[in-house]
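Student: Model the full structure from these sequences, guided by the hints.
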Amino acid sequence: MPLLKNNTLIAETWAHADAEGELPTGDVVVPFARLLKNWEQLSQRRDKLGVSLVNIDRAEALSTFLPKLQLIVLSFPAFNDGRAYSLARQLRQMGYRGELRATGNVLPDQLQFMLQVGFDTFEIGERFPLSTWQQASKQMSLAYQRGLFRRGSEAEIWTERHTDAEPWLEQPHAG
Amino acid sequence: MYRYDEFDHQFVRDRTNQFRDQAGRRLSGELTEDEFRPLRLMNGLYLQLHAYMLRVAIPYGTLSSKQMRQLAFIADKWDKGYGHFTTRQNIQYNWIKLEDTADILDALADVEMHAIQTSGNCIRNVTTDHWAGAAADEIADPRPVGELLRQWSSLHPEFSFLPRKFKIAVTGAPNDRAAVKVHDIGLRLHKNAEGAIGWEVIVGGGLGRTPMIGVTVRDFLPELELVGYLEAIMRVYNLYGRRDNKYKARIKILVHELGADKFKAEVESEYAKRPQASTEVEERELKRIAAYFAAPQLEKLPRWSASFEEAKLGNPAFSRWARNNLGAHRADGYAIVNISLKPDGGIPGDATSDQMRLMAELAERYSLDELRVSHAQNVVLPHVKKDDVFAIWQALEAAGLGAANYGLAGDIIACPGLDYCALATARAIPIAQAISRKFSDSAKQDEIGKLKINISGCINACGHHHVGHIGILGLDKKGEEYYQITLGGSSAENASIGSILGPGFAGHEVADAIETILDTYLKLRGPGEEFLAAYRRVGAKPFKEALYATA
Amino acid sequence: MTSTEKGQLVTANRLRDGIAVFLTRSGQWSETIDDAALALEPQAAAALEARAKDDEKATLVTGAYLIDAERLNSRIRAAHIRERMRALGPTVRLDHGKQAEGKGAGFAAPEGV
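Chains as they are written, first to last, in the numbering used here: chain A, 1 to 175; chain B, 1001 to 1551; chain C, 2001 to 2113.
The set of hints was computed from the structure by calculation and includes no laboratory data. Everything hinted at is true.
Lysine-lysine pairs mimicking BS3-like chemistry, simulated, CA-CA at most 27 Å apart:
no., chain 1, residue 1, chain 2, residue 2
1, C, K2103, B, K1097
2, B, K1246, B, K1478
3, B, K1097, B, K1066
4, B, K1478, B, K1544
5, B, K1264, B, K1165
6, B, K1080, C, K2103
7, A, K48, A, K37
8, B, K1438, B, K1544
9, B, K1097, B, K1080
10, B, K1541, B, K1438
11, B, K1450, B, K1523
12, C, K2006, C, K2053
13, B, K1273, B, K1262
14, C, K2053, B, K1246
15, B, K1248, B, K1165
16, A, K68, B, K1273
17, B, K1097, C, K2098
18, C, K2057, B, K1097
19, A, K5, A, K48
20, B, K1264, B, K1191
21, B, K1246, B, K1264
22, B, K1097, C, K2053
23, B, K1478, C, K2098
24, B, K1165, B, K1097
25, B, K1544, B, K1477
26, C, K2098, B, K1077
27, B, K1080, C, K2098
28, B, K1300, B, K1312
29, A, K68, A, K48
30, C, K2006, B, K1477
31, C, K2006, B, K1478
32, B, K1450, B, K1541
33, B, K1273, B, K1165
34, C, K2103, B, K1077
35, B, K1450, B, K1438
36, B, K1385, B, K1300
37, B, K1312, B, K1444
38, C, K2098, C, K2057
39, B, K1385, B, K1066
Tutor: Set out below in structure tokens:
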């Protein structure tokens, strides 16, 4: 599955484990139920650990695990199911700074929104050429909302309007 | 009124370019209809019965003469020379082509307008009191908050794929002309004993299939906390609103199913988790916006205008129109002019491009270049000197805009219905026309007094029939149009949902049924008692008996 | 001598301008409902639908679906009031839509007569 990051295609380095059965070696991402069940074992592995949530999982349920997680995968079962946008933002607000990946029905026209709420990587499928994704990532050069996770090509309008004199008003940003 | 800065200009240009690209990719087949639909809906473009329909945003119902002229230009160039003003203070064009839409959006951007989020499962146009900034009873103008929320909600990355549409209304007056209790979020401005401003936050009101009155979750939220608190509400809705059933997907269902207390607890819990960022930027932005809504430069005039009084004495038709169509302005010697877009037997809310241009000219000359659109599908000139009212009326009369029925039986609110709308189950406009013709006698309308008749052509209730004093809902019974009548609805501060009176009526019977209801009212009302008050006093029984009495 | 045939036809909206159109026997999309191909058998209806789906993919039309209709003396009457509206235009603006352009159906929408 092609993986998009920073407008380029990258190789997948993670192994995806099922709910049951043997754990693959190396960096592994497990379903949330398995994370809960096998936490002792998983947290002691030296390789990187990731978890995949479904839309009815609560972000708070991950809070104790966050320091140990380097990948969280959120899914869009339909492209108009917008719950993962809130989950992503909640996780970022909880302080998570690892990789946040979008999977499922991911379309170029939602890419900029996903970047803004904190997604880093995207399982994008074969349908659209890379150029469409790259174009879509910079369609809007401005955003009104403050405290968005990522300020890539967009400037934050309210911040821009009111921080020429006081740079200390700027919100800190990651990525 | 608000004026775009470079950022706002750039924003709508980017958005138009984005849509042009998306429409191109749809026409080339790169995007399927399922993928394109939410994108075009988020730019206000519907596929309707006969053609595409474009719903243009008129933020909090306020526009300038320049903008109104551009709406007229768009009607002429890309539609059939007319537009329809809606129950959410927007304007709709019924004969639009997809291939023209990007050009139309550019023409809108040229005058600081757009069609952003007038449809789709996102936050829609923030609506308000059509007399904001002018009304005598207003505590403070709610439109700075309206503008703040418009910006905050535009292309919000977290809230663009909600379970369903989301409608916000704000009001700054104790007499609620913005129907805040039947919106997903309603905000009511209050002033406390110390004179500080705070906002009552009402959640979970709505019409449609399951009409509900909203619940108050905060009594007095400080203004600077509005954005943060609304984000918490939106997040709870986005995460927990139902997505399994389109008819149970509004926030009102979530509030109802959780219960008001549990819902509020979820919101407060989410709100408490917010990073404690300073609200300094919001404060500055609100101040910056508020400067655009500073009280206009009005002249110091005597309360009494001799020329106005003389004109009334000399012209009974003008006198009647002045009595019905003027609203009380907070400044002496001024009036609010309500232009009824409900001519006898006409299509409610429609205006030709010529009429739009005339209204623009009147606004520029007599109303400090400002117009408003009301939920009742009428247009308002908010700041008019009484000295000028007669000249305005003469111009309106000549243009077919002189109907003296504002707020009366002839001022009917009707959605486009099955004549235009792909969702409709029955026609609404011909019903409005029949009722209008039946009550065209002006003396009769005056006798009946204040009355809100609302007609919806389907259960989606875009005509707001649930909150009509008399509501009419058009349904389909075995392929035939069929109309249910409700009584006793109200969207004012004592909001109520109308009750179904009894079995429905065929289309040609509705106007007679309304006449029977109103004759009954006239017989049983107390001195000076308006229809809604009379209904609340006597209940449905006398009306049921009159309507359904066996011969 | 009157002749009545009952069946189904396919209707859609033209993608570029949204105008309601009807699928003809020759595979064209006409604004005039009388031009529509009326399928008298389920198989024929399915074939019309399949052709419509192809044209959706080819971005000619969108939202194609079958409707019940009958042909009376070479004019087509849609069974449902909504479809009779689409074949005519708004009943409150007789100067707009197909009815004003000589492309209207022969049966008024509300009564269907």
